[in-house]
Structures are given as C-alpha cells and as structure tokens.
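Whole structure, please, built from the sequences with the hints as guidance.
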Amino acid sequence: MTEAFERKRLASKALFERAKGTIAGGITSELRAAEPFPIFIERAEGSRKWDVDGNEYVDYCMGSAALLLGHAHPAVVKAVSDQAAKGTLYSALTELELRWADLVRELYPSAERVRFVGTGTEANILALRLARAFAGKPKVLRFEGHFHGWGDDTAVGVKIPWNEPPTHGLPPGVREATVVCPAESGAAARALEQDSAIGAIILEPSGASWGTVPLPAGFLKDLRALADKHRVPLIFDEVITGFRWSPGGAQASEGVKPDLTTLAKNLTGGLPGGAVAGREEILSLLDTSREYKGKKAGVFHRGTFNANPISAAAGVAALEIFRTGEPQRHADRLAARLREGMQRILRKSEVAGAVYGDSSTFHIFLGKGARGTIEGLSPVDLKGIPPRTVNALQRALRQRGVDLLSYTGGVTSSAHTDKDIEITLCAFDETVQELAEGRAIERL
0 MTEAFERKRL ASKALFERAK GTIAGGITSE LRAAEPFPIF IERAEGSRKW
50 DVDGNEYVDY CMGSAALLLG HAHPAVVKAV SDQAAKGTLY SALTELELRW
100 ADLVRELYPS AERVRFVGTG TEANILALRL ARAFAGKPKV LRFEGHFHGW
150 GDDTAVGVKI PWNEPPTHGL PPGVREATVV CPAESGAAAR ALEQDSAIGA
200 IILEPSGASW GTVPLPAGFL KDLRALADKH RVPLIFDEVI TGFRWSPGGA
250 QASEGVKPDL TTLAKNLTGG LPGGAVAGRE EILSLLDTSR EYKGKKAGVF
300 HRGTFNANPI SAAAGVAALE IFRTGEPQRH ADRLAARLRE GMQRILRKSE
350 VAGAVYGDSS TFHIFLGKGA RGTIEGLSPV DLKGIPPRTV NALQRALRQR
400 GVDLLSYTGG VTSSAHTDKD IEITLCAFDE TVQELAEGRA IERL
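For the sequence shown, numbering that gives the first Met the number 0 begins at 0 and goes up steadily by one.
Check each hint, because a few of them may be wrong.
DSBU-like cross-link-like pairs, simulated, lysine-lysine; straight-line CA separation at most 35 Å [said to hold, decoys possible]:
id, residue 1, residue 2
1, LYS228, LYS7
2, LYS382, LYS12
3, LYS347, LYS367
4, LYS228, LYS136
5, LYS7, LYS136
6, LYS347, LYS158
7, LYS294, LYS138
Since the hints were made in silico from the structure, they are not lab data.
Dropping the structure here:
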C-alpha cells in the first residue's frame, strides 16, 4: 500500500525531501506531519483540493476546520481581492473592523466587547491573562485533552500523561500554575473547592479536541454554576465551534453563556486572525484610557496584524453568510449522513469501532471496546488509537482521494455535496476492508 501511495505522489515526495533541508522538521505545523510523507497542495476550490501530482481529494480538513464555506468561496475571494487593491496593512483603525466586531456582537449575546488578535492561540493567551487579572488569582483550571493552542499557559494537560509538560522549554512554574482535571462536574467542583488560587476556567465546549472526547450531559451548565459560585471567569474556546455549531457557536446551541469567548478560523473566513469577546467589565482592562491597580490599561496587549484589513474583509464577508444559518444546516446534514454511513460500514464489516460527532464533525474510533458506540470509553481510549492504525487509515483514504483533518476525523462544509458523501463512503468501505485484511484494525 505504501509503494502504491508513493508512486502517485512522486512530486510531493521530492518536495518533502527539499523541505527537510530548508524548513525546521520539514513542516510548519505538527498537524501536517504524515506517513510516509505529507502531500503538497497546489490549489483548492469548493470541497476539493489537488496536490502537485494532480491527485484530487474530497477535503475534510477544510483548513483545519477554518473553512465552513469551503475553499475559495466567491464572496470571500472578492472581499479579499477588493481590499488588497486598497492596501493590506495600515497600522490604523478601519471601519471594516467595526463592522466585523458588530457582527460578532450580533451573533454572540455574550460578546459585550470584542478585541481582535492574530491567531487562535493568541486569543487564548489574552483571554487567560484577562481572566487572571480580573480575578486577581494566578492559576488556570483546564480539562484533560482539551486543546487551546501551543502557548505555555495551557500546554500542560493537552497530552497523555495529563499532568506532565508535553514539551521541553516551558518556564518554571507553568505546571504549578495549571490545574488539570477530568471533564466531570464532581472533579471540577473538587478542584475549585481545594484550590482558591484558580483565576480562570477554560475548555472546548465541544469536548476535548473538537469533540473527540465528548462532554457529559449537563457539564457546561454545571461548570457555569461553579464558576459563578467561586467567582472565576469561565472561558469557552470556540476557535473550532465558533460559527460552526450555530451562527452563535456552541454557547448558543447549548444555551450556556461564558464570561469570555475565544474565536478564530471561521471568524476570519479562513484567513489569519482571532478574537476575544465577552463581558465589558473584563475586557475594559485593555482600555488605555483607564487605570487598573496602578497600571494604565490593566492588561497589556498589542499586535501588528490584529484586525488587519484583509482578514477583516474576509471575516465580514463570511459572517454575513453565517448569520443566515444556512451553511451550518447544510454542513450538519451532510456530516450526519456521513456518520450514519460510516457506522453502517463498520457494522457490516464486523469491525470494532464507532463513528460519532456533533454539528458538522465526524470522529472515527477504531479499537476494542467499541461496538457501534463510544459509551464506556475513557479519554485515554478515545485519544489513544495506535499511531500505526491512524497512519494506515489516513494513508488508505488519501490513496482513494479523501483527506481527513487530523487523527481520525474531519469536518464538512457548505461546499460539500451528497455526491462527495457517496464518494467518501465508497472510499471508507474499501479502506475498512483493506485495513481489516491487513490486521491494521480489529474485527469483532
């Protein structure tokens, strides 16, 4: 299988060899690593993308979930093109960013104020700084496996073992300033009771890793009550769920309002950028005309590319479409059809596994303990599929013209079609048979 994969991707293979001598690690994000090598993409449109060898893929990566409208949506392309002709970076305020912020506030009732940043990681860094400053406490409560970017503040807890730093280079004190607990109401209550130094609570409202590990029923409402009881700001990381779960994100669909929300990806129509939105009394700490505890602007924040006009133009164009709710309804319907079809294939093939997900996402679990459901499986189980199995699944699907987002899941968009789903289910069926015969996955 690997030889056949390589034969169809000789240009990608050659470019990766070149990249290894130029780019650190040969890639610019860990998510782009792949076996036997990453594919190099030349162009994309709608639900499809083409690599440098001319291979076509139905794309479920969708810019790491940043492209709910699909690749090269005409409205976004026009907005970017028109703005680029007027200039790309002014280092000044624009009316565009006001319209952008107004749209965020319209769609997110919790967004009394908005502050734009450069990335989703930056949004989480700023939100945590704001929350800790407001609460006057130094620690962060976060949950096992939830991903909040690559910054220091939330590094501990993203990988197994949960309480150990996942990387070298973290400054002393990061581990001590992070409280990691399971996404369970009782565990969160105990953590807050036992540690009065917690000044921020952050989580993905989808569950860990955009829903790979779903949250227990009622958890968000319980956490809101706990945050109120202990007077600790609650942060929803809606970098992926934002505008995707609904025009108002996961908080609108779940009916739970956080104190702060972090946004990126679809916020910008798939261009670089992010934002922190939330309570005025917390975000007012950024106001340079105010003094807070002896400091002018209680929380320091700058950024060359914050609300740059290109990203603002794309963001306004995208949010104008998102507010209708139609992209979400279309993508959700196709994702549900894909999940149901994949589940039928696993059942027919008598393979140990389950397919699940919310909104326009799908996750494929392959392994012991799953008979069409993930009930009873732990976060370690759900995030612990052997790398050999993950690599085999990704490679076999790519060979058949289907590209996943990361691990064993993906997202749909408003550009995907019923025909795309049919093609994908056929590819998945063939992949499951191949992997089962090669014992890369287990039969029941």
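Within a Cα-Cα threshold of 35 Å, do LYS294 and LYS138 meet the stated pairing? holds (21 Å)
Mind checking the alpha carbons of LYS347 and LYS158 for me, to see if they're no more than 35 Å apart? Measuring from Cα to Cα gives roughly 33 Å; hence the hint holds.
LYS228 and LYS7: Cα distance at most 35 Å? violated (59 Å)
Hey, LYS382 versus LYS12, does the alpha-carbon distance stay inside 35 Å? holds (29 Å)
Are LYS7 and LYS136 close enough, with their CA atoms no more than 35 Å apart? This hinted pair is violated, its Cα atoms lying about 55 Å apart.
With a cut-off of 35 Å on the C-alpha distance, tell me whether LYS347 and LYS367 pass. holds (17 Å)
Are the Cα positions of LYS228 and LYS136 separated by 35 Å at most? holds (15 Å)
In terms of the numbered hints stated before, the structure departs from hints 1, 5, listed from lowest to highest.
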